[in-house]
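Residue numbers (our numbering), protein chains in the order written: chain A, 1 to 390; chain B, 1 to 360.
Be aware that a few hints might be false.
Stated by the list, open to error - Restricting the straight-line Cα-Cα distance to at most 27 Å, the calculated cross-link-like pairs of lysine-lysine (BS3-like) are: (1) K59/B - K249/A; (2) K59/B - K327/A; (3) K201/A - K59/B.
To be verified - Which chain B residues face chain A? A few, computed with CB under 7 Å, are given here: (4) N65; (5) S110; (6) T112; (7) A114; (8) L171; (9) N177; (10) N180; (11) G181; (12) S185; (13) Q189; (14) G283; (15) L286; (16) N287; (17) G312; (18) Q328; (19) S331.
Claimed, not checked - Derived list of chain A stretches under chain B, where covered just means 3 residues or more per stretch with a C-beta under 8 Å from a C-beta of chain B: (20) 242 to 254; (21) 260 to 267; (22) 289 to 296; (23) 319 to 325.
Source of the hints: derived by calculation from the structure; they are not laboratory data.
C-beta: ideal position from N, C-alpha, C; glycine also.
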Amino acid sequence: MKKKLLAVVLCGAMALSMLAGCGGKKEDTPAADATAEAEAGDVADAAEATGDLSDANIAVFYYTYSDTYISSVRTALDAKLDSLGVKYQNYDANNNQTTQNEQIDTALAQGANILIVNIVTSGSVDASQAVVDKASAKGVDLIFFNRAVEDDATAGQVLGSYDKCAFVGTDAPEAGHMQGKMIGDYLVENFDKVDLNGDGKISYAMMMGQLGNAEAIYRTQFAVEDANAVLTEAGKPELEYFDPTNTDKYQVDQDGAWSATAANNYMTTNLSQYNEGNGNMIELVICNNDGMAEGVISALNDKGYNLGTADSTLIPVFGVDATDAAKQLISDGKMVGTIKQDAEGMADCISIMAQNAAKGAALTDGTDSYNADAEISNKIYVPYAPYTGE
Amino acid sequence: MNVFSNMKSSWNAKISSYQALDSKDKKTFWKETLINNAMYILILVAIIYTQAKNSYFLKPDSIVNIISLSAANIPIACGIAGCIVLTGTDLSAGRVVGLTACISASLLQSVTYATKMFPDLPVMPIWLVILIAIAVGGLVGWVNGFFVAKFSLHPFIVTLATQLIVYGCLLMYIMINGNNGQPLSGLDQSFKDFVTGSHLSVAGVPIPNYVFYAIVVVIFMWFMWNKTTFGKNMFAVGSSPEAANVSGVNVMKTTILVHTLAGCMYGITGFIESARIGSNQAGTGLNYECDAIAACVIGGVSFVGGTGKISGVVMGVFLLRIIFVALQFLSINQNLQYIIKGLIILIACSIDMRKYLVRK
Chain A
1 MKKKLLAVVL CGAMALSMLA GCGGKKEDTP AADATAEAEA GDVADAAEAT GDLSDANIAV
61 FYYTYSDTYI SSVRTALDAK LDSLGVKYQN YDANNNQTTQ NEQIDTALAQ GANILIVNIV
121 TSGSVDASQA VVDKASAKGV DLIFFNRAVE DDATAGQVLG SYDKCAFVGT DAPEAGHMQG
181 KMIGDYLVEN FDKVDLNGDG KISYAMMMGQ LGNAEAIYRT QFAVEDANAV LTEAGKPELE
241 YFDPTNTDKY QVDQDGAWSA TAANNYMTTN LSQYNEGNGN MIELVICNND GMAEGVISAL
301 NDKGYNLGTA DSTLIPVFGV DATDAAKQLI SDGKMVGTIK QDAEGMADCI SIMAQNAAKG
361 AALTDGTDSY NADAEISNKI YVPYAPYTGE
Chain B
1 MNVFSNMKSS WNAKISSYQA LDSKDKKTFW KETLINNAMY ILILVAIIYT QAKNSYFLKP
61 DSIVNIISLS AANIPIACGI AGCIVLTGTD LSAGRVVGLT ACISASLLQS VTYATKMFPD
121 LPVMPIWLVI LIAIAVGGLV GWVNGFFVAK FSLHPFIVTL ATQLIVYGCL LMYIMINGNN
181 GQPLSGLDQS FKDFVTGSHL SVAGVPIPNY VFYAIVVVIF MWFMWNKTTF GKNMFAVGSS
241 PEAANVSGVN VMKTTILVHT LAGCMYGITG FIESARIGSN QAGTGLNYEC DAIAACVIGG
301 VSFVGGTGKI SGVVMGVFLL RIIFVALQFL SINQNLQYII KGLIILIACS IDMRKYLVRK
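One chain only, chain A, in its complex shape (with noise of 0.2 Å):
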């Protein structure tokens, strides 16, 4: 029976693969055609003047589909514009920023008339301004989502160039100063506890998703200093990374790809040298997402750490993201706490300016349950949230 699931399974997948042709596109969609008699250029004016959603065309581009977050994200779209009735379809650009561009120019020539981006080379001028400029062109709105089109340095540069676009997406630096402070918290409570060696310092080990990447580098930045913060605060000495020799102090993933299995490697490794028989145990992990910090945890298990029961010591793990194959290690017990990236509120407020967008209005009405940035008001944040626990 379940080789027979499988097998359908597999079939399903291939004759869905021949049909798509190439690109990992989804047609969502039976009407196919319905805007093939449309010039690109002329799709969105008529859009707005029958301010009618059976007008719009939504192309969706994700910067990759084997991203967890992303897929929750994904999800939860799909099913909001599945809601809406209306045509869209979606594309994976496999974490390749010209891949990424040329589907935007291939979906314009098809006809779209609203561009939902999920950038893949995050908090940069150059790849998001290139992405506005093919939607200026045309004159069709565009929505960034998730990964930053700016850094703080050029903060409204790109965004206050074009009037039909808007960015929802998280406030990168949130995550990691609540994981931060939720570290400091943690461990201002627990010091003698998670002190195993007792030498009045806590030894830390990072593990960071992607070097380059907006998001990685806030938090692997801001989760040890604002724990150090509130450390400092309550008396406390600062963290110390557990190895001395290496001046980076993080542990990234060389294939960028925040895995479970890079962590893993690592922190085997770490363990056959820091153990607690050498008297130099890691005392706390943290990682930049909750896939790193699985692995982790898988890595602690093996040597008899994080086991959930009563005997078994646990190392403070945290992570980003409240997967839920994180949230069951949490009230198993295997792991301290991580940061909510709230998936649906990022597709519901997606979905509300793709419908501004097909009706003609601006695209943030009716976005303010959301936080807007102080200075550009076309910026709109989910917020993040501490999650330690139902």
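Keeping the supplied structure of chain A fixed, place chain B upon it in accordance with the hints.
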């Protein structure tokens, strides 16, 4: 006893032929020996240097860690080595590992896990899941082999295509039943114990079970390569498909078998990785083939075709892993690590190719 005396006589022969050389030839002999073994000398230097800098490097904990990390990579490397012997390659390996890891995980999630992919499925017998993983891997391998053999396509192209197809299947697989791309974890304890549990400790350090599974794989592959007609045919086809064909070797059957066997090995790797990492998602297995191919080449399995030994593959996996771990023990800057890894592969390949250039 016989083996021993054989070895002794071959040594004697070597020594006497060395003594027969004049001084200039002796110099060349030493130079050649040094260059041909440069890889091993380099590793030895690296080990001594790392140990001097960080005395934990050669402690039992660390040695067991290196052995376990290597063991996890041995099945995939043994599989891909066969493809390289046929002058081919296999780019789909990593994604097959990912797919089989996710399938294994989904079938072996504990019944009490809240977000179980198949909520009504009892925990499957482990042997059945291994067979499914091997079968799925073998199926992809068979497809690879079939297209390579039937249409004389270069394996690079065929496996590039199957890599994409398998990745697509993997993405769909982890979306089904409302799993929505969430990592597959919450594995049943019996599964974790079977793979990462331990029955044997050395110097107080437990050796995980998957090390022994890797040993079984090595013995099996050694047998396949050296003691079966299939193995002999594989080397024949690798050296020259035309010559093999003329001498009555079924080239098509051999090619398909080599790829299928490789696929089965990826299935085993996926099964082991699934429990070892404990969290399986679409990214699992990414770039695994790169390390495996590098290990084979370092171990002397040549892209020229028709040459290679299982012992070399195992050596290559170990050497590569020792370097990776040493880099971590030395806290080498991450950017530099890429460069060092690249250089090692380049040097190893050059040394390998040099042997064939000299012959010409």
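Hints, verified against the model:
The straight-line distance between the Cα atoms of K59/B and K249/A is roughly 24 Å, inside the 27 Å bound, and the hint therefore holds. Distance restraint check for K59/B and K327/A: the Cα-Cα separation of roughly 36 Å exceeds the 27 Å cut-off, and the hinted pair is therefore not satisfied. Taking the CA atoms of K201/A and K59/B, the gap is near 25 Å; set against the 27 Å cutoff, the hint holds. Hint on N65/B holds. Least Cβ distance to chain A is approximately 4 Å, under the 7 Å limit.
At a threshold of 7 Å, the smallest CB-CB gap from S110/B to chain A is about 10 Å, leaving the interface hint violated. The criterion of a C-beta within 7 Å of any C-beta in chain A is not met by T112/B, whose closest approach is roughly 10 Å, and the hint is violated. With a least beta-carbon distance of about 6 Å to chain A, the hint placing A114/B at the interface is held under the 7 Å criterion. Of the supplied interface hints, the one on L171/B holds, with its beta-carbon coming within about 5 Å of a beta-carbon of chain A, less than 7 Å.
Checking N177/B against chain A: minimum C-beta separation of about 10 Å lies over 7 Å; hint violated. The criterion of a C-beta within 7 Å of any C-beta in chain A is met by N180/B, whose closest approach is roughly 4 Å, and the hint holds. A least Cβ separation of about 2 Å between G181/B and chain A falls short of the 7 Å threshold, and the interface hint therefore holds. Taken as an interface hint, S185/B checks out: its beta carbon lies about 4 Å from the nearest beta carbon of chain A, inside 7 Å.
Because the closest C-beta pair between Q189/B and chain A is about 10 Å apart, greater than 7 Å, the hint is violated. The beta carbon of G283/B is positioned within 7 Å of a beta carbon in chain A (closest approach about 5 Å), and the interface hint is therefore held. The beta carbon of L286/B comes within 6 Å of a beta carbon in chain A, closer than 7 Å, and the hint placing it at the interface holds. Because the smallest distance between the Cβ of N287/B and any Cβ of chain A comes to about 5 Å, under 7 Å, the interface hint for this residue holds.
A cut of 7 Å between beta carbons decides the hint on G312/B: the least distance to chain A is about 24 Å, and the hint is violated. Taking 7 Å as the C-beta cut-off, the interface hint given for Q328/B holds, the closest approach to chain A being about 5 Å. A least Cβ separation of about 4 Å between S331/B and chain A falls short of the 7 Å threshold, and the interface hint therefore holds. Residues of the segment 242 to 254 of chain A lying with their CB closer than 8 Å to a CB of chain B number 8, which satisfies the three-residue condition for coverage.
As drawn, the segment 260 to 267 of chain A meets chain B at 5 residues by the rule of a beta-carbon pair under 8 Å; at three or more, the given contact holds. Remark: the segment 289 to 296 of chain A is confirmed as covered by chain B, as 4 of its residues place a Cβ nearer than 8 Å to a Cβ of that chain, reaching the required three. For a cut-off of 8 Å, the count of residues in the segment 319 to 325 of chain A with a CB near a CB of chain B stands at 3, and the three-residue condition holds.
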